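When you get a sec, could you build the whole thing from the sequences and use the hints?
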Amino acid sequence: MPQRIDGSGETLRFTFEGREIAARAGDTIAAALIAAGETTTRASVVSGAPRGPFCMMGVCFECLVEVDGVPNRQACMIEAAAGMTVNRQKADEVAA
144 MPQRIDGSGE TLRFTFEGRE IAARAGDTIA AALIAAGETT TRASVVSGAP
194 RGPFCMMGVC FECLVEVDGV PNRQACMIEA AAGMTVNRQK ADEVAA
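Take the position in the sequence shown, starting the count at 1, then add 143; the result is the number in the working numbering.
Among the hints, erroneous ones may be present.
What the hints assert, rightly or not - Mimicking EDC-like on lysine to aspartate or glutamate, the simulated pairs with C-alpha atoms at most 20 Å apart in a straight line are:
no. : residue 1 : residue 2
1   : K233      : D211
2   : K233      : E153
3   : K233      : E209
No lab work stands behind these hints: they were computed from the structure.
Predicted model, so just to flag it, every value in this text is computed and none were measured.
Structure below.
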């Protein structure tokens with residue numbers, strides 16, 4: 144499992160599926176989720192297979208999440224912010 148190399152920095156907290164996640168200032172949502180042991184952000188609309196962060200640079204769209212009620216957000220491209228509410232992407236909300 145990935146681990147942080149440097150544990151310093153300001154800590155902020157957001158929720159993912161009702162669970163409080165600790166992030167470091169500057170972390171993307173995807174980086175914070177991976178550091179917290181969360182690897183699934185959505186299910187495949189075709190097979191239902193679990194999907195999660197892969198490329199970490201906004202190319203693959205495997206890390207889609209809902210942020211503060213807005214679907215189809217790339218977790219690897221959005222900086223985590225204190226108090227945000229993040230949920231797994233629902234299959235019926237995935238952009239065509």
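Status of the hints after comparison with the structure:
1. K233 to D211: holds (14 Å)
2. K233 to E153: violated (31 Å)
3. K233 to E209: holds (8 Å)
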